[in-house]
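Starting from the given sequences, assemble the full structure and let the hints guide the process.
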Amino acid sequence: MNPPIQTPSRPETLEELMLQALAMEREAVERYSELADMMQAHNNRDVAELFHKMAGYEQHHVDHILKDMSWPADKATPRYAGVWTAPDGPEVVPIEEMHYLMQPWHALQLALAAEQRAHDFFDALVRNAANDTIRRAAEEMRAEEAEHIELVRAWMEKVPQPDSDWAADPDPPRYID
Amino acid sequence: MNDMAESAALAAADYKSGYKPVWCPGCGDYGVLGAVTRALAILQRPPHEVAVVSGIGCSSRIPAYTSCYGFHGVHGRALAAGTGLKVARPDLTVIVAGGDGDGYSIGGNHFLHACRRNVDLTYIVMDNHVYGMTKGQASPTTEPDWDSKLAPGGTGVRSFHPLVIALAAGANFIARAFSGDSGGAAEIIAQAIRHPGFSFVEVMSPCVTFRPEQKDWKQSVRRTGVPETGDPAQAARRIMTDDGFNIGVLYAGDRPVYARERAATVTPAELEAEFAL
Amino acid sequence: MTAGTLLLDAAARAGLYGLMVRTSGPQIRGGEAAALLRLGPQPLATLDDRFDMLLAIDWQNLHRFADEIPLGPASLIVGDSGEGEAPEALLASGAQAVALPLKKTVKGATGAWVNMVALGFGGAIAGLPVEVLEEALRASWKRNPQALEANLTVLRQGFAFAAGLEGKRPQPLAMPAVAPAGRWLISGNEAAGFGAIRAGVRFVAAYPITPATEVLEWLAPALTRLGGTLLQAEDELASINMIIGAAYGGVPSLTATAGPGLALMTEAIGLAVTAEVPIVIVDVMRGGPSTGIPAKSEQSDLSFAVDGLPGDAPRLVLAPTSIGDCLTTTEWAVRLAEALQAPAIVLSDQFMGQSRAVVDQPPATGGTAQRLVAAANTPGYLRYADTPSGISPMAIPGTPGTTYTADGLEHTEKGIPSSQATDHSRQLDKRERKLMQYDYGPRWADVEGEADLAIITFGSTTGAVREAIARSALQGVGLRLVALRLLAPLQPAALDRALAGVRQVLVVEQNHGGQLLRYLRSRYDLPGRATGLHRPGPLPLRPGELTAAFIDWAAVQGSREGRA
Ligand SMILES: Cc1ncc(C[n+]2csc(CCOP(=O)(O)OP(=O)(O)O)c2C)c(N)n1
Ligand code: SF4
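Protein chains in written order, with my numbering: chain A, 297 to 473; chain B, 12 to 288; chain C, 392 to 955.
Zero decoy hints are in this set.
To give an idea of the interface, some chain C residues facing chain B are shown, with a C-beta separation under 10 angstroms as derived from the structure:
1) 593
2) 613
3) 616
4) 642
5) 750
Under the rule of at most 27 angstroms between Cα atoms (straight-line distance), these lysine-lysine pairs were calculated in the DSSO-like manner:
6) C:559 with C:495
7) B:27 with A:371
8) B:31 with C:805
9) C:494 with C:559
10) B:229 with B:27
11) A:349 with B:226
12) B:226 with B:27
13) A:363 with A:349
14) B:31 with A:349
15) C:533 with C:494
16) B:146 with B:160
17) B:27 with C:805
18) B:27 with A:349
19) B:229 with B:146
20) B:31 with B:146
21) B:31 with B:229
22) B:146 with B:226
23) B:226 with B:160
Hints listed in this document are in silico derivations from the structure and should not be mistaken for laboratory results. Remember, it's a predicted structure, so these values are computed and weren't measured experimentally. Backbone N, C-alpha and C fix where the C-beta goes; we use that ideal spot for every residue, glycine too.
Next up, the structure:
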């Protein structure tokens, strides 16, 4: 039998909270890596590199959680699949927002939104915490997300704003098979 | 909660081959690939015991992106190849995947007969209401007024309703999923694989290149609030009355599954007696 | 038809050889039908030039068969006394006509059939003992015993009618003292089915089509008993792709069809070429193109089989040279397909497929087909590895550590789609090389005789050609026979040897355009000035007309030589 799917309800224990956080961060790592590959395969090196970096940040977050909880690297999490408040995990950037000509600025906008969602997720947990231990842990996580938000904001300062015709491509799509 | 943890033996990543998809960045098919690999991880089926069979189209490129056995055949015939494989090798888990053009247009006849034959297969259609690979022509599920080069102003032809057709034709499991909800789609696909007989999963999978407006599907989809039904009449009502944005399992039946497994009772040499004088 | 089948069975019991060809009108039920039989002490691969006797239960629409049933002054036409004169078209042959009370014999005999009167009479004319005819009827009887008795009675009455025809009747056959051992009674379609099974085929998917359906009808129950499956597909597009799927899964697989079905399968045959999936397609040829003449024989799918695919697509094409050979050649085709991981087309035809014959037991060629399979966990496994033989080990799904994606797109050695020139030419070379380099052994053709004039033919025409060569020899004209069994890939070196010392060749085939002649010319430098003798179906090429043509042709070659 497969385990039934869990709704990430209000965590009752620290362990539950951290499992939710771990699942969310892992999803983010996976998605950023996938987006980086996507961009790499379509010769958009700048954005690929950016997503690789983002995946790295999220991986730090994962490592942090594992260390705090003294969990092994392959610690299993429950299947929250499909039951976050949004279709994907809060911290992932949606695939359909990708564009082969997108620029770092676009990528950072999307990353910012994802970090913001993650922040809001923990913020809600802080406000609904079942006890002080959980509240403190959620606050810590919220703070980390806030840091990420700042980091992305600062990064955005350094990248140029795209022209209005950034998506223009004189070559039409190619016919393949 | 811990005892319900997913086994760590095989993760979704173990079902990916490492080849980078040719799909446009943003294509819904990435989400479907994610969902299929996650579903297999849920089922913990070893990759070499799974075969992914497809036809031709952007979506049909999916087999090589998995670490399973793959078969990338010709346009429209994936269900036939998958049927032959499953009937000859019932021990394998066979997933057939492709696009709406592949499955409902050139392969439409096979779709009907696969539903009614009810071989234990899972058929995943990545429906983007367009022929992606050939640069954006109308498919059977395209809206009649959608403008395209080959049908300026629209085809004027009513679009095909795959779910209700699958139900009428005899599919044993019918679900709608959304590529942007990769985790939810994974759950549905896992259930489809587990369900005996022909399981049909229509995945709404946006084509960001030729149908960029499909990015808005995310705002419209919702999970069906209702529990799944095994009653075809109820399922028909649901499928016919929804707006096309309800995702979830819409029908899970118990129609008899095509089964031809049996032991040999003669040897070829014994058959000679029939001809010998 | 029943009378014909029983007569053939009785002849077999008496130790004779025989051949029965069926022909019928266009109606589904109740239409005119004729069983064309030839019986004799030796194996028979073709009908003769004339029939000794035409036995008609009635004359309705019989003129439609006049072309197919050649008669001569020595022939006997037997009709029912209540049916009036034989049709003019038949009498024109100069044959003698007699009337017998066939229908009257069964009047009042409850449960008796007129065709059992015919069986008794026909058997007597052939020279069969009445006991053997009775035995054949008893063995086939499935109804009530009273009716059997009634039919045995009328059979004996029919037998007795022959006594009154001394002087008019053809010579009866001499019965062999002992029946030759090891004979089979089989149709070409059954033989093809059995050959497939002997080679290991356990999955068949097909869509019914005349004249291939009997292959499937025989295979369906046989496969069930062998633990295999026959799946009736929704169309030929499905059936071919189903067998490709099953064969990809490691199970030797086959389909049977005719021209229209083969046409629909084209794209997928190319897939089997490129993805290197072994499959066998038995094409029981009928009159074409399009729906053509469904229930009549023609050898007109050859060009399509050898050349009719988009792209450079090497494939195996084989043709059995007799009804018994339908078994051996189909068996060989399965073996070759499996060994070479390529599609094989077996060109049978309606004549061989739907005719039933007493044949010598086809030789056992031993063992099931072998495919070169990849071992589990092969390091750095490359599905389409460019090996010296061109054959690369195939991983069977379910095997750990060798997963790959089979692809109809051009690919790298690993199977990844590629449009690069190097990958394309490398894989094209490999796929061609594996078929060209393979050692096909002596079975590629039947080569008989040493004369410096050669007849080249293939398929069911071989029977008539062989008989005509034997008759020519009696008239002092020596001819060599080369009956091709492996049509593609053509074997130039083997052909060189087979044609060594040959000055001229004549290519004989049953189609309108001379497809074999054109094919050979396009791939091989035939000696001398190759000519063709070809005629489309539905009429078979008969040994007599071929003998005449061969002798004329040989004479022209002789005088040409003389002038030179
Ligand atoms: C016999 C044949 N006809 C036409 C084509 C060209 N072709 C390739 S993919 C395709 C349509 C694909 O559309 P769909 O199945 O919806 O897949 P998508 O690309 O949208 O994923 C067509 C017409 C072909 N490969 N083979
Ligand atoms: S053309 Fe459309 S369907 Fe094809 S890969 Fe691009 S987005 Fe996906």
